[in-house]
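Just so you know, the sequences run in chain order X and H.
So for the first sequence, this note's numbering puts the first residue at 1; every next one is plus one.
So for the second sequence, this note's numbering puts the first residue at 1001; every next one is plus one.
Quick caveat, the hints were computed from the structure, so don't treat them as lab data.
As the structure is a computational prediction, the values presented were derived from the model and not from experiment.
The beta-carbon is built from N, C-alpha and C at its ideal position, and this holds for glycine as well.
Each hint should be verified, as a subset may be incorrect.
Stated by the list, open to error - Derived coverage of chain X by chain H (criterion: at least 3 residues anywhere in the stretch with Cβ under 8 Å from a Cβ of chain H; other residues may be distant):
1) 11-22
2) 245-251
3) 287-295
4) 307-319
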Amino acid sequence: MDRRSLLISVGLHVSVVVLAWIGLPSIKRDLPEEQPIIVMEMVQSVPTTNLDQGDKPSTAKQEQKEARSKKPTPPPPPAPPRAKPPTPPAPKPAPKPLPKAPDLKAEILPQKVAPKPKPKPEIKQPPAPPKSKPKQVAAQKAPVPVPQSPPTRVNKLARQKALDKARQDALSGVMQNLAKAKAVSEEAEKKRREQERKDAAEKLSSSLTSAAGNAIRAPDKPVVGPLGLSDIDRIRQHVSSCWSPPIGTAGANTLIVDIIVTLDRDGKVLTAEVDNKMRLATDRTYRVAADEAIRTMFKCSPLPVPLDKYEQWKSFIFGFDPKFLTR
Amino acid sequence: MNGNRLTMMMFFRLIAVMVTCFGLFSNLAHAQLRIDITEGQVAPTPIAIANFTGPDGKVTEIGKQIAQIISEDLESSGLFAPVDSAAFIEPPKAPSIRPNFTNWTPLGVKGLLVGSAYVDGAGMLQVEFVLWDVVIQRNITGGGGNADQAAIRRISHQIADFVYEEFTGDTGYFDTRVVYVAESGSQSRRLKRLAIMDQDGHNHQYLTSGADLVLTPRFSPTANEIAYLNYFNDEPNVYLFEIATGRTERLGSFPGMTFAPRFAPSGDKLIMSLAQNGMTDIYEMDMRTQAINRLTQSASIDTSPSYSPDGKQIVFNSDRGGSQQLYVMDADGANVRRISFNQGRYATPVWSPRGDIIAFTKMANGQFYIGVMNVDGSGERLLASGFLVEGPTWAPNGRVLMYFKQQPFETDGSGGDTHVYRIDITGFNEKRIITPSDASDPAWSPILR
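With the rest of the complex left out, here is chain H (with noise of 0.2 Å):
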């Protein structure tokens, strides 16, 4: 008995003086000199694009293509600077080769990416490419596989949002979709459309006729549906449109007029506003049932509801304080706060997919602007502004806001052009989409992969 006490004494000493070691090693390990790198230098990562070549190692035209989407795609970002392919010293033959790295220093590149691509005996894509480290000289990632031709698109933003992935750390967007509101004709007689397209604004293609005026589509979780709002006979009414089928469904059947859909992150349920006896409020739909449960209870309008990513709270706008303002409540309405106490009106709050702040629209000093704060309402930054800003649309990643801008109206009636741009949330690379007509109303469609 006291040998094996005196043995635990033992072991337990013995355990002493080595944590007491390692504690003494570990502060001597540590005694080096340290600096802090508080600064540096914001610039686009420059990388070189190669055009993808064949199995014999000579440039493909599809190997040409590819190569030119990934570059668009990555420049159109903001945060990284292709070099032209007429510098490379030494273009690569192909991607299981190790680059001479020699070759790549000169021209100031971090990342070099390399691929193969060409149209195999049974008329498919076959796709490879390696991206290479051109600083530690290693290579990052790779990857390859098989599709048909028209998704070299799709194929070329997959490895776009592999190379973001690597030098950001964000996931990419590129492999997404933006559904929005085409408009075309006089102001009088405008003829409002739901549209969809790459969000690069290529693969353009109209999704309604135009017969009812439609507004505010919404994408569901699984970029499957829209929820939008239709005006049909001139019952304006909130509508499921599926994508791969075309169909259309009007969601319930109530004695007012219901808008501003959203969808629950997980998909099962919608909120959206309901005008009924002169009130409107924020109902939340079972989309299996279509039961509505009714989320607030005021004399005002309550409308534009948005949840958090992790679908337990809600932020919506109201007048309920005399001015139209942002508010949050948890997801079954209860703790309902004001967000928004700057001056000014705010409207269309969108939550962020990482969920630390929230997209707004402001109305202030006859100016319109896109902002982001806070989901506390504290840090309220404004990105972006002009004669009519609104509506804005998070990309899946949470770092780059789409909406839309109108220009003003001549006094002959001409102007009100209406266009979808793009912006960072830094403020910074705001970009318009090309579209093959006026578009309002964007909303962006999740990862589609």
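Okay, chain X solo, but in the shape it has when bound (with noise of 0.2 Å):
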């Protein structure tokens, strides 16, 4: 029995020092050499909430603005011809073989067309889209040959007929192509400018909730950014103007004496109070410190405080410290 109970006690050991041995990294390796410690102090140098500075909004609106602003730059025609290749081949050659200027008007200005009574009706043919692309690809193929007739020399009189008829067929050609791009342009465009309303409105609504978030973190309206350090030096600069230290008296550097002060809305003293009464009760010349020191505040009363700013200095630790008169 005992030898065991022995036998169970070396083997939990060995197991405990193997354990040890795996587990315990630091006895089998040197650990890393402890690196020195930098200490940085935060610096906060700008106060607070954006939202009033209004970056983020900013951002926002300028953003739509060159949404906007790119809405007539991007080429929203050539958009069209890209997504249907055949189409701008077909004005291009319209041109070629009939030199007068209806050609090129109606080329380039597929929108101005519309209103004019002729063209509506060519434009409202497009409404059947199998039918038209057949056509629009024969008329695009017609106009081909029309260039090559020329050189060929025929009757003259034919070749007007023809010419004429060729040219009646390139135009409504040409028109059909025109409804057909300006309607698939006009597509595109709805397209585009949901697209762009919905980016909009995705990046003001993302800036809103970052804006948003500003705001919970900020004090409450309106945005009053806190005591600066020319406030406060305004503030040292009057109390000390007003403040005797107690030169020459026994234990000075010792004489520290913490004064809270509550102030009402035009800076005047209220109240000042010694924050160590125990001491105020014990050490006489600690309240002859402390009596000076609370002199020293209604002495000064009102003290020059950024009145919009109440909130923030309604109620003061002021620290007299005499320790420089023994420098």
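Join the two chains into one complex using the hints; note that each chain is given alone, in its own frame.
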């Protein structure tokens, strides 16, 4: 029985040693050399909220403006031609065989053509897309031989007729193509506008969300920055000008008196109380120094505080430290 | 049993929660904007001392005198600036009436002293006073009592001490006296007598006739006796003078010469130098038995010993290092260490009643100086200088020094005037104490009350 327990004990000890050997890395290898700690102080130089400064909303607006300004510049007309390559060639060949101005007008002003009575019925024809497509192709193909015809020198009249017919066909084809292109471009334009609207809405919502986050962290409106160094320096100088430190007094360098001061909205001192009441009751020299500190606060009243930041200075702690007397 | 344990655990948890909450709330309470004021205006405190009135509310002649003495005391300290009573808008009628502070605020004063003083039917001087804080608008302190009419200056000094203490935090020193050596006659036939006066030079009185040359008088801690060096029959020895009776007594009879006496703070011992067989060492004497105990043993001159306020250490000067320097040792003579290492020679060290600094006379570059240094020798500051300035003595509050200053002699033998001065330890407000004749070797008494 004893031997068994001895064996169990030995076994457990061995297992503990093995586990320690495997599990504790510091036994097997040297730990990396400890690096010196560099102490850094985080200084917040710019205060708090961005909501009032309007960085994010302005960027959203700017993006919206950019999106709008991009609308005319991006070539919406070129977009449909890319979608359907056969249409652009149609206008090009048309001018060549037909040097007349109307063709050019039709080409340059597809949208302005719409108000004209004649083009309208032609434009209304495209509603049957499947049929128009083959026609467009035919019309597209038709102009191609037209340019080749002049060099053949056939009968002038026949040629004129052929030319007229071809011109009419070409014209109708061009008009159809233009109408089709216009319809396509209008659809593309609609889609693009919707997309832009969605993008702009998304950006605006995201920017508003972040701005709202900042607004939650920001102080209540109207948004006012914290007391600046200049504010604090002004107050310090004002109070210093009223303070008569305990010069020559025994242990003057230990007579540091903290006074808790409350002010009204005009900066006038309402109350001035000594923080260390225990020492006030037991140390006469400290009591005299505290009395002088309290006198200083009332003598200096009102303090030159920024009136719009009342919430931040309605209560102060002034530490009167005469250590400079012993320097 | 388990129930008790559970209760205990609950109790400790409750304590832990309370401590945590307390810590949190105390942090919140201190999360206020803090501004440290580390500079100020060093200027005398403006104060109004109203003429003391009689029972009818009218100013009395004795009340005028008291107000005058108090004003002079406070102003002489350099720490107060009494306002001329002509500027008062509404002079107060009685100390029991709360003043109208709006009449005092425009004067810019921080304090207002109001009092009454009159001689009652029994011929006693009745005095009452109240000190008001004009800025905080509250009563700071007050008091009163009766005294012999001849004590008008002491009463006034005591009231000035109250005011001084309330505005500086230090003990007042106006109700104190000074013993010094009054000098008269030509330099070849100089007459030196013991004299005593108030700290402001009033109530002057000669203590000795001048038949014997006297030097280095020192007050006992009770201010009832004076130890001094007396050349009786051309033999210099330490004597004791009892002020109340005028009785003198030689302290011990030794084969050598004794000089430079000074009392221990407890008053039961006295230390002095004894020159014997060409060696001058420091000895302490038991005032009851007049038994002496040698504290230093060197072939050099050890002299001018002075106790620390707690009586545990002694500072003295010695030339054991080749030049006259300051040394500190334990009260039993052990652990001697030099504390002055700057250029020049040092003499007559006196430990401040506050215990933090030591005043001394310094000789360097053909000039004499009065200075102070920390007890370890650091922080030496020179406060006054002159052809001959010597013998500093401390006011009982440790913030004012008194010493004497001698002017140089002219070629025709004239000059050499010697006067007592006092100066604040800040080095400001040096003032001469007016005495009937030339004065040297001042020693400031403890507070008399």
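Here is how each hint holds up against the structure:
1. 11-22: It is violated, with 0 qualifying residues against the three required.
2. 245-251: With 6 residues in contact (Cβ-Cβ under 8 Å with chain H), the coverage given for the stretch 245-251 of chain X holds.
3. 287-295: holds (count 7)
4. 307-319: Contact hint for the stretch 307-319 of chain X vs chain H: holds, 7 residues under 8 Å.
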